[in-house]
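Sequence order for the protein chains is A and B. The first sequence begins at 1 in this note's numbering and counts up one residue at a time. The second sequence begins at 1 in this note's numbering and counts up one residue at a time.
Derived by calculation from the structure, the hints in this document are not laboratory data. Since this is a predicted model, take the numbers as computed values, not measurements. Idealized CB from N, CA, C, for every residue including glycine. Watch out, some of these pointers could steer you wrong.
To be verified - In silico contact screen, one side only, chain A against chain B (beta carbon under 10 Å); selected entries:
1. V458
2. G527
3. E602
4. Y609
5. P622
6. R627
7. V659
8. N660
9. E661
10. A663
11. G666
12. R667
13. D670
14. P671
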Amino acid sequence: MASVTRWLRLPASPVEHSVEGRGFVFSGFVVAVLAIVLYGQDYVVPVLGVVAAAIGHVVSYRRRNSKRGFWRQAVLAALVFGALFYVIADSSLALFGGTLPQANFAILLVAITSFDLKTRRNCYSSLWISLAILYLAAVYAWDYAFAVLAGLWVLCLVGFWIASHHKRLNAELKGPARPVALMLGAALLGGLLSFVLIPQPSGVPVSPLVVSLPNFTAFKGGLESPALPLVQLTGDPSGATSSIDLHFRGRLGDAPVMYVRTGAPAYWRGLVFDEYRNGAWTATNHGYREMQPYVPPRFLPPAPPGNLGTFVQTFRVLRPLPGVINAAYPIQSLYAPVAALREDAYGTFHTPQPLRPGQTYSVVSFLPDLTPALLRAAEPMDQEHLDAYPDNYTIYGDPSSVSARASNLADEVTQSASTEYDKVMALTTYLQRNYRYTLDLPPVPAGKDPVDWFLFDVKTGYCEQFATAETLMLRSLGIPARLATGYATGDYDPILNQAVVREHDAHAWVEVWFPGHGWVPVDPTPGVSPLAATKFPSHWAGGGIARLIPHLSIGAPAAALGSLGVLAVVPPAIALALIAVLAYAWLRRRVWTARPRPQPGESELLRLYERLQRRLTRRRAPPETPREYQHAMGEHSSPFMGRWPEGPEGLLAEVTQAVNEGAYAGRWPDPRRVRDLAERIS
Amino acid sequence: MAQERSLQPQRAAELLERVEGNIHRVIVGKDRVVRLALAGLVSGGHVLLQDLPGTGKTMLARALATSVGGTFRRIQSTPDLLPSDITGSSVFNQKDLTFEFVPGPIFANIVLADEVNRATPRTQSALLEAMGEGQVTVEGTTRTLDRPFFVVATQNPAEFHGTYPLPESQLDRFVLAAEMGPPTDVEAMEVLARREHGDPIAELGAVIDVQEVIELQDACLRVVAAPAIRTYIVALMQAIRARPDVVLPASMRAGVYLQRAAQAWALFEGRDFVLPDDVKLLATPVLAHRLGMRGRGKPADMIGEVVSSVPIPPLRQH
Numbered sequence: 001m002a003s004v005t006r007w008l009r010l011p012a013s014p015v016e017h018s019v020e021g022r023g024f025v026f027s028g029f030v031v032a033v034l035a036i037v038l039y040g041q042d043y044v045v046p047v048l049g050v051v052a053a054a055i056g057h058v059v060s061y062r063r064r065n066s067k068r069g070f071w072r073q074a075v076l077a078a079l080v081f082g083a084l085f086y087v088i089a090d091s092s093l094a095l096f097g098g099t100l101p102q103a104n105f106a107i108l109l110v111a112i113t114s115f116d117l118k119t120r121r122n123c124y125s126s127l128w129i130s131l132a133i134l135y136l137a138a139v140y141a142w143d144y145a146f147a148v149l150a151g152l153w154v155l156c157l158v159g160f161w162i163a164s165h166h167k168r169l170n171a172e173l174k175g176p177a178r179p180v181a182l183m184l185g186a187a188l189l190g191g192l193l194s195f196v197l198i199p200q201p202s203g204v205p206v207s208p209l210v211v212s213l214p215n216f217t218a219f220k221g222g223l224e225s226p227a228l229p230l231v232q233l234t235g236d237p238s239g240a241t242s243s244i245d246l247h248f249r250g251r252l253g254d255a256p257v258m259y260v261r262t263g264a265p266a267y268w269r270g271l272v273f274d275e276y277r278n279g280a281w282t283a284t285n286h287g288y289r290e291m292q293p294y295v296p297p298r299f300l301p302p303a304p305p306g307n308l309g310t311f312v313q314t315f316r317v318l319r320p321l322p323g324v325i326n327a328a329y330p331i332q333s334l335y336a337p338v339a340a341l342r343e344d345a346y347g348t349f350h351t352p353q354p355l356r357p358g359q360t361y362s363v364v365s366f367l368p369d370l371t372p373a374l375l376r377a378a379e380p381m382d383q384e385h386l387d388a389y390p391d392n393y394t395i396y397g398d399p400s401s402v403s404a405r406a407s408n409l410a411d412e413v414t415q416s417a418s419t420e421y422d423k424v425m426a427l428t429t430y431l432q433r434n435y436r437y438t439l440d441l442p443p444v445p446a447g448k449d450p451v452d453w454f455l456f457d458v459k460t461g462y463c464e465q466f467a468t469a470e471t472l473m474l475r476s477l478g479i480p481a482r483l484a485t486g487y488a489t490g491d492y493d494p495i496l497n498q499a500v501v502r503e504h505d506a507h508a509w510v511e512v513w514f515p516g517h518g519w520v521p522v523d524p525t526p527g528v529s530p531l532a533a534t535k536f537p538s539h540w541a542g543g544g545i546a547r548l549i550p551h552l553s554i555g556a557p558a559a560a561l562g563s564l565g566v567l568a569v570v571p572p573a574i575a576l577a578l579i580a581v582l583a584y585a586w587l588r589r590r591v592w593t594a595r596p597r598p599q600p601g602e603s604e605l606l607r608l609y610e611r612l613q614r615r616l617t618r619r620r621a622p623p624e625t626p627r628e629y630q631h632a633m634g635e636h637s638s639p640f641m642g643r644w645p646e647g648p649e650g651l652l653a654e655v656t657q658a659v660n661e662g663a664y665a666g667r668w669p670d671p672r673r674v675r676d677l678a679e680r681i682s
Numbered sequence: 001m002a003q004e005r006s007l008q009p010q011r012a013a014e015l016l017e018r019v020e021g022n023i024h025r026v027i028v029g030k031d032r033v034v035r036l037a038l039a040g041l042v043s044g045g046h047v048l049l050q051d052l053p054g055t056g057k058t059m060l061a062r063a064l065a066t067s068v069g070g071t072f073r074r075i076q077s078t079p080d081l082l083p084s085d086i087t088g089s090s091v092f093n094q095k096d097l098t099f100e101f102v103p104g105p106i107f108a109n110i111v112l113a114d115e116v117n118r119a120t121p122r123t124q125s126a127l128l129e130a131m132g133e134g135q136v137t138v139e140g141t142t143r144t145l146d147r148p149f150f151v152v153a154t155q156n157p158a159e160f161h162g163t164y165p166l167p168e169s170q171l172d173r174f175v176l177a178a179e180m181g182p183p184t185d186v187e188a189m190e191v192l193a194r195r196e197h198g199d200p201i202a203e204l205g206a207v208i209d210v211q212e213v214i215e216l217q218d219a220c221l222r223v224v225a226a227p228a229i230r231t232y233i234v235a236l237m238q239a240i241r242a243r244p245d246v247v248l249p250a251s252m253r254a255g256v257y258l259q260r261a262a263q264a265w266a267l268f269e270g271r272d273f274v275l276p277d278d279v280k281l282l283a284t285p286v287l288a289h290r291l292g293m294r295g296r297g298k299p300a301d302m303i304g305e306v307v308s309s310v311p312i313p314p315l316r317q318h
């Protein structure tokens, strides 16, 4: 039993006397807390923690030479358990309403333990908990500024190491600068190359840890904030209405709305509207079904015909948004950390409360293969299909809200087209070619129908007008159509591998019913692909970089590579192999010299020697010879005397003798003898 | 066969201990200086003893010479000492009507050059040529000196009148320089006690012969200085060179001597390999007298600082 406890006990760590070192430990904590404040937007516990830790550092520095008392340690332990209770209460019951209970727990832990920073090991553990705090902040931080904080923390670690170890040994700070610089440079280059050349995984969620805590608020009554941020009566860009009035339009800024890590570029679909009356869209079907926060594939429609696969999107909300799950459609499954979800009659999911900044949710979507040939082959609308028709056909087919001349224009444009697909495309490309897109449009004059005014008077408009006009004209042709709203893909950031969706990415488009295919997105807005379905993903970060440089044509080959699918691994693999071969050849020319292998017993003995030094509270200083170290330790009255039967000096003398013989005469001892010596330590 | 005849380190340690014990019959205490002087002999170099008059330099040299057997000659340096007084000269033999070479005091196994800085530079250089090359050239004929050839020079730094300080290039020829240092009270009383009824050196005899000295010198050459030791010596020399207060850094010869002296030092413990401890211990005696310092800095202090700050090479060689 005694041997077990002895084995469990850690070797002693020296008392930390360096004020600078302790300063670095505290700074590392402050940096981590700063990250939590900046990214977690939590203020109370971090500030309290920093103040408490500052006091704790002063206290523990003053008391560093005195022994630890039982009651003191007991109080600290009780406080740690209190903090543990806090994290459990806050994360399971939202008792304190904290957004980051894990980080708050770690902050409290550092604050409490800072009252007991006696030894160097204590200081290190404080730094490591700071690193954990930084990690939690990193999950929230999706920008570059975080690198500065991480760098500051590393500086604190290095500073502590120098202040603590180097000052103690009185040694010169002389590291292997050249190899380290070379290694860093090579790693950076290698990382960059692999980042550019290796396909980005699309099927794996990117976030390593789900930090969005469940929000246990349930639905109260109907939808609370079912609006979309596109067009509102109030002009409030966050949206508070379930209708779109084409007479008005709110101003949309450049502020980021959300980040999306996605396997494929797609439109993030939100609310869908079916009834158009007096220049305003509304949703008529108020049916819904309740869902669990995790919606498995079995509750959702099966894969569409010709499905190419699935891809994951992780959304991170940046500013308060209506409680609508924007995602690529059709959805295969989804998870949102809320109490419950509601799926409305149009396949859109709603959350009980508005989405708050920092919330994340993940959606797996199908990748439908909507090629012109397939859609053209879709059978025309007949009675059999009408029976299978999921929703209220009367509304989708209602031509009453469109004016006669708009209806005539639709007939005129589509008269040469035979299939439904050709008609849709003819109308879409007609709108795209003959109408101009602008965001600076005066309000619709009083008494005018917004669609007529757009089609025949100004001939310029924004996405809702294009989409509305097309929807109504399709309906006049007998083709079921409705208005979908949401966001465009956003700007792709190749470094962080995420799309930044901004306010001005708010978008509206048309969904057309194709028998056998369901609702197919079509976008009549000029400058985009008419068939607005999700594109086959270009996995290539190179493609993303090329998108940033508009005049460089490598975007095209990169996209072509993307369309190769799995085969696209081949060209970068060849490139990587080439680089590896070149590097190998270069290395071989430079430093490929055979190194003698260590003799038997050498590694074993030196490891034993290191172990012995660790046991003896002080390690051998670099300018100290083994024999000087042995004598110094013999003169010291080591507190660990008596740990070995014959005292440490006898063993140290024997090991020192063996080390000297090995290192300076090349006579390393037999590994068996080293083992015998090692047994005498423990 | 050569392997069997060669001296084992253990045996060498015994011989050296015997010599040390013999010397200590005359010299009270001063273990370190005695061992340094003996190490100078074993390493095949020459030793410079410096201190105030009357501290036992000459006594040490005489005791060492007596203990080792072989021939012993003494040169008492004075300003009017001529090179030929050291090397010897040809004398006309009236009987044979020929010139006959009469060897000087340099033709001996152990030569005590007493108060060497009192001789003129010309005479000093004659002595130092013999020390450096183990041969003397007299009147065009080069004569090789016998093995072992060991010079113990003494000088007293305090006496400025009538001295010619040895130039650095000549100081460089001594493998090591040692200072006797003042005796402790106990030692001083012991010295007085021993001299009460006569001089103990008169009773001193040889404990090893010339052949054994040669064997010791050969054994010294067989002591292994590992690559790590060489790395360490070079690091020490570099560190000294990098010091801003050093005007004249240690020469390459100094490094060679340091290694050789460390090899000799290992023999005292019966080791056949050099430890960094040997190098550390010998750094001051081997290097201090060769270095030129700026200002009033003492080379010994500077070397002490360097030795305690330069890291020893890593123990792991692979």
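Structure-based check of each hint:
| no. | hint | verdict |
| --- | --- | --- |
| 1 | V458 | violated (82 Å) |
| 2 | G527 | violated (67 Å) |
| 3 | E602 | holds (7 Å) |
| 4 | Y609 | holds (7 Å) |
| 5 | P622 | holds (3 Å) |
| 6 | R627 | holds (5 Å) |
| 7 | V659 | holds (6 Å) |
| 8 | N660 | holds (6 Å) |
| 9 | E661 | holds (7 Å) |
| 10 | A663 | holds (4 Å) |
| 11 | G666 | holds (7 Å) |
| 12 | R667 | holds (8 Å) |
| 13 | D670 | violated (18 Å) |
| 14 | P671 | violated (15 Å) |
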